[in-house]
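Start from chain A and add chain B according to the hints.
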Amino acid sequence: MPEQLWFTKVLNGLFASPVTSLLRALHLAPKHATAPIPNSLAMELLVFAFLLVLFLLVRSRLSVDRPGALQHAFEGVEGFIQGQSDEIIGHHSEAYTAFLAALGFFILFCNLIGVIPGFESPTAVPIVPLGCALCAFVYYQTQGFKHAGIGYLKHFLGPSDPTMSIFIRLPLALLMLPIELISHLARVLSLTIRLFANMFAGDMVTLVFFSLVPLGIPIVFLGLHIGVSLLQTYIFVLLTTVYLSGAVAEEH
Amino acid sequence: MGKLSKLFLVLSVLAFAVPAFAQGGAETEGKWIAIAAGFSMAFASGICALAQGKATAAAAESLARNPAARPGIQLALILGLALIESLALYTLVIIFAKVK
Numbered sequence: 000m001p002e003q004l005w006f007t008k009v010l011n012g013l014f015a016s017p018v019t020s021l022l023r024a025l026h027l028a029p030k031h032a033t034a035p036i037p038n039s040l041a042m043e044l045l046v047f048a049f050l051l052v053l054f055l056l057v058r059s060r061l062s063v064d065r066p067g068a069l070q071h072a073f074e075g076v077e078g079f080i081q082g083q084s085d086e087i088i089g090h091h092s093e094a095y096t097a098f099l100a101a102l103g104f105f106i107l108f109c110n111l112i113g114v115i116p117g118f119e120s121p122t123a124v125p126i127v128p129l130g131c132a133l134c135a136f137v138y139y140q141t142q143g144f145k146h147a148g149i150g151y152l153k154h155f156l157g158p159s160d161p162t163m164s165i166f167i168r169l170p171l172a173l174l175m176l177p178i179e180l181i182s183h184l185a186r187v188l189s190l191t192i193r194l195f196a197n198m199f200a201g202d203m204v205t206l207v208f209f210s211l212v213p214l215g216i217p218i219v220f221l222g223l224h225i226g227v228s229l230l231q232t233y234i235f236v237l238l239t240t241v242y243l244s245g246a247v248a249e250e251h
Numbered sequence: 000m001g002k003l004s005k006l007f008l009v010l011s012v013l014a015f016a017v018p019a020f021a022q023g024g025a026e027t028e029g030k031w032i033a034i035a036a037g038f039s040m041a042f043a044s045g046i047c048a049l050a051q052g053k054a055t056a057a058a059a060e061s062l063a064r065n066p067a068a069r070p071g072i073q074l075a076l077i078l079g080l081a082l083i084e085s086l087a088l089y090t091l092v093i094i095f096a097k098v099k
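These protein sequence lines map, in sequence, to chains A and B. So for the first sequence, numbering that gives the first Met the number 0 puts the first residue at 0; every next one is plus one. So for the second sequence, numbering that gives the first Met the number 0 puts the first residue at 0; every next one is plus one.
None of these hints come from the bench; they were simulated from the model. All of these numbers come straight from a predicted model, not from anything done at the bench. Since no wrong hints were added, every one of them can be taken at face value.
Label-pair restraints from in silico Cβ distances:
1. B/THR55 with A/PRO1: 35 to 45 angstroms
2. B/SER61 with A/LEU13: 53 to 63 angstroms
3. B/THR55 with A/GLY82: 20 to 30 angstroms
4. B/ALA63 with A/LEU13: 53 to 63 angstroms
5. B/ALA96 with A/PHE47: 21 to 31 angstroms
6. B/LEU10 with A/LEU50: 48 to 58 angstroms
7. B/LEU82 with A/GLY75: 25 to 35 angstroms
8. B/THR55 with A/VAL204: 15 to 25 angstroms
9. A/GLY148 with B/THR55: 37 to 47 angstroms
10. A/GLY148 with B/ALA48: 40 to 50 angstroms
11. B/GLY45 with A/GLY89: 34 to 44 angstroms
Facing chain B, a subset of chain A residues (Cβ under 7 angstroms, in silico):
12. SER189
13. ILE192
14. ARG193
15. ALA196
16. ILE234
We put the CB at the ideal spot given by N, CA and C, even for glycine.
Chain A on its own, in the form it takes in the complex:
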């Protein structure tokens, strides 16, 4: 039996057999048939449920004349993300605010839930930041195709200067194609590893100092971990905005 958090035990107690049958129907064998749901998935589902309740709560309390504190907070967040994507992407960036805000909220709460005793950050296992990075990657590629149609593929040939002759532009484009493909895939890798390593290192450093000095000092590192969680969420959303601007921006 693996080591489980209390919430994971609750979920496994309720849903172990249907989840195991579902996995077996897909020809996957869980490592422990009585506990197929790992800690990271249980924590992700908890964050998802919490965010759903939070968004529904805000939605039900929206008011033009007398906005409450929650509405002010969410308007602040929306203004911040909207202002930043306006600065980076330019015009027509309102369409992307919803995805960026949802991504930011999810990663932020996934990072912070580890601070509460009895819970752990799902972003401290490599698969969860990979999921977030793949979501961002698929999103900006589809937005690029939606914006430019099939002409989006020209982005992968690198910059091209129309004043140069075709005999220089063609080999240059052929050289740039593998470089661009690899750099786009490297973006997924770097987003994943940046988020995962920051959360994992924060946990490790707090544990190491807890094993050395159990009183007082680990608080400093826990505070640092909280600061790093906020910063890494901001960086993830900022980089997704930058990749979006690369995909949908037009040169005038």
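Same frame as chain A, but now just chain B:
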């Protein structure tokens, strides 16, 4: 003392690590991985610190010259620092993937 002599002096300290192989029961490869992990992480963190210092110094100086451009400079600084930090973190991830 010349630069090369100083370098050899520092490297000769590594010779003190050889008695670690005298312990029975552990493969030689395990010992080298621990030493290599320590060195590579220290190297990566040191160079990362140098690069981040350069970025911060440039940002502070440009902020002093032109305080009105603060939003743009702050954005470039935070983005640059996070990207440089992630390079040092790749080394940490490799260590945790390879060292048992």
